[in-house]
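The listed protein sequences correspond, in order, to chains D and P.
For the first sequence, this note's numbering gives the first residue as 1, with consecutive numbering after it.
For the second sequence, this note's numbering gives the first residue as 333, with consecutive numbering after it.
Where hints are given, some of them may not hold.
Unchecked claim - With a straight-line Cα cutoff of 20 Å, these simulated EDC-like cross-link-like pairs (lysine to aspartate or glutamate) come out: (1) K472/P with D145/D; (2) K470/P with E148/D; (3) K656/P with D498/P; (4) K656/P with D410/P; (5) K480/P with E148/D; (6) K480/P with E61/D; (7) K469/P with D187/D; (8) K606/P with D629/P; (9) K367/P with D410/P; (10) K472/P with D187/D; (11) K656/P with E544/P; (12) K480/P with E217/D.
Derived by calculation from the structure, the hints in this document are not laboratory data.
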Amino acid sequence: MSGQASRRGAWLAWLVQALLVLAVVAGAAWVVNHALEVLRARGVRSGFDFLTEPAGFSISEGWLDFDASQPSWRAFLAGLINTVRAAVPAAIFAVVLGTLIGIGRLAPHVLLRGICTAYVELLRNVPLLVQLLMLAFAMANLLPDPTEPVHLLPGVWLSKGGLSVPWPVTGEGGWWPTHFEWPERGDFGVSGGAALSPEYVTIVAGLSLYSAAFVAEIVRAGILSVSQGQVLAGQALGLSSVQQLRIVILPQALRVIVPSLTNQLLSLTKNSSLAVAVGYPELVSVANTTIGSNGRAFECIAIIMAVYLLLSLVISFGMNRYNARVALRGWR
Amino acid sequence: MKNTRFRPALLAAASVVALAAAAPAFAGKTLDAVKQRGTVKCGVTNGVAGFSAPDTQGNWSGLDVDTCRAIAAAVLGDPKKVDFVPLNSQQRFSALQAGEIDILARNTTWTLTRDASLGFNFTTITYYDGQGFLVPKKLKVTSAKQLKNATICTQSGTTNEKNVSDYFRAQNIPVKTVVFESFEASFKAFFSGRCQAFTTDASALAGLRNKEAPNPDDYLILPELISKEPLAPLVRRGDDEWFAIAKWVPNALIEAEEFGVTQANADQLKGSSKDPAQQRLLGAGEDLGKLLGLDKDWSYRAIKAVGNYGEMFERNVGPKSVLKLPRGSNNLWSKGGLIYAPPVR
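Make the full structure from the sequences, and use the hints.
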């Protein structure tokens, strides 16, 4: 192809794409406009004005203190923070556990390999919601009653009410923690300190265990993509098998692993919305409550979509930056 | 091939257009639609004993269910011509707005916000409820005011969740709430010991204790009712004809109790009664049905189908049911209760 022809082709491609984008945007605008018209015709109030009004419900756990008299936008923010509070630890656990299992899938040891394979096949093939409900059920039945908590360590209690640990608290108006607050046993269970609720543990454990199965497969594929010659070269240099893995194989495997891992982290984050089923107050739970009281389903779902889109873009951006670092130069 | 690159974008554009086209147009006259379809689409709970719950054969029963059956009998001549659509508390309003159901009879509390901003009209209050608390007896709690620092399980998206917040805030008693998306998950969590109290409408508490508790005698319903929960069916705004039908069928059932017309004596009274009020209810007097777009026998058929309001109450939630709830506020106005229908005349 001559240079000129290819430039014209590129222009045409641009033009078509721009037209398509325009068509999609116009289509979306029409859908939204039509929906709003229909809602108005039916006498349904719409708009985002409710965000500045008091939420009217409380959120019992999370990093952002929230009570019922505060505005709805803060409730959504608390929900978003709770989503992140579940997704980030889950992502870390999933990557660590998944990497170990992925390596285990290739271990020379038959038993280890078998266990890792069984893990992947079992966890990967059962729907996440089912796993979450099973975990919640197990916790609800196995843990002791909140009124009879187990005293694990000084200041550490475990019951159906959650895991309570001492936590630094700030004095009146201060920024720096002044003392530790110790959980104490009361009439209705343990109070004070910091508590990990069973709902939180359920969602973090459920997401980690489920996603680890997928991460393991990605890691395995990544390792297998590294040519056998690299391993032999490592051996020739006298590296131990752990050194071979750490210095030679994994860095090269990352090129294959990272793009797929990005997908996995995106789906993990989105899957955190299933927490609503097990009683953890994240974004979707907050939106559901809001819809139940003011019926602004359209607006609340739009917020959920926008927030997940934003979270996904942030994750993609971060992972792409990381990918650029590990990718082969000159390959793209 | 180069143009495969565009395929996803084309698909997306096409699906956007398809979605927009599929968005339901504003429903015309509900009555015409119901007649044409041959069934009333009635939104109910996915299972609250006494109000709407399916049995093992899939037959629905309950106070809300009977309301729908009475309307089907009045409009279509057959109480069986109802499609029950089970909805959870988050789905219910969108389902009605979108026209997926003709009427929502799903123990829904009549509030200003719902009435004024969701595009609905509430019809006749069929049950006066209040929100209460269920606790295990072993906690030795006898009042909601003793629930300081307790964890309370409830369902998200309900007035219950907000009432709990309001009540304990007003009392200055700190409590924690754990909210679940489904009613079932919320009470299961409570019975498994996750929470020290469970809160919902008192009527549902009675049903739960009797049906779901491992041992009903281990649980206590606290005396406090922390809210007013007038439960009423609702319909979409903008269709006054259907609104009138949905209002007057329950009113006729209430009036029937007041004037002593029952499922059993309806036929006999239809021929013999000299009481004009009874005659009007049984289609033997002046024709009120035509004002509703129905025939003369509309209320007669409704009464024959489910009995009068008192009979509905007895069968579904009263002493003859598992719930064994007292009539209380739900007695006729003439007997000291709040149940009052404007005259069917």
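Do the hints match the structure? See the list:
1. K472/P with D145/D: holds (15 Å)
2. K470/P with E148/D: holds (12 Å)
3. K656/P with D498/P: violated (29 Å)
4. K656/P with D410/P: At roughly 29 Å apart (the allowed maximum being 20 Å), D410/P and K656/P break the hint.
5. K480/P with E148/D: holds (17 Å)
6. K480/P with E61/D: The given pair, whose Cα atoms are some 17 Å apart, holds under the 20 Å limit.
7. K469/P with D187/D: Distance ~13 Å between K469/P and D187/D Cα, so the pair holds.
8. K606/P with D629/P: holds (17 Å)
9. K367/P with D410/P: It holds: about 12 Å lies between the C-alpha atoms, which stays within 20 Å.
10. K472/P with D187/D: holds (10 Å)
11. K656/P with E544/P: With a Cα-Cα distance of about 15 Å, the restraint between K656/P and E544/P holds, given a limit of 20 Å.
12. K480/P with E217/D: violated (49 Å)
Checked against the numbered hints given earlier, this structure breaks hints 3, 4, 12; the rest are met.
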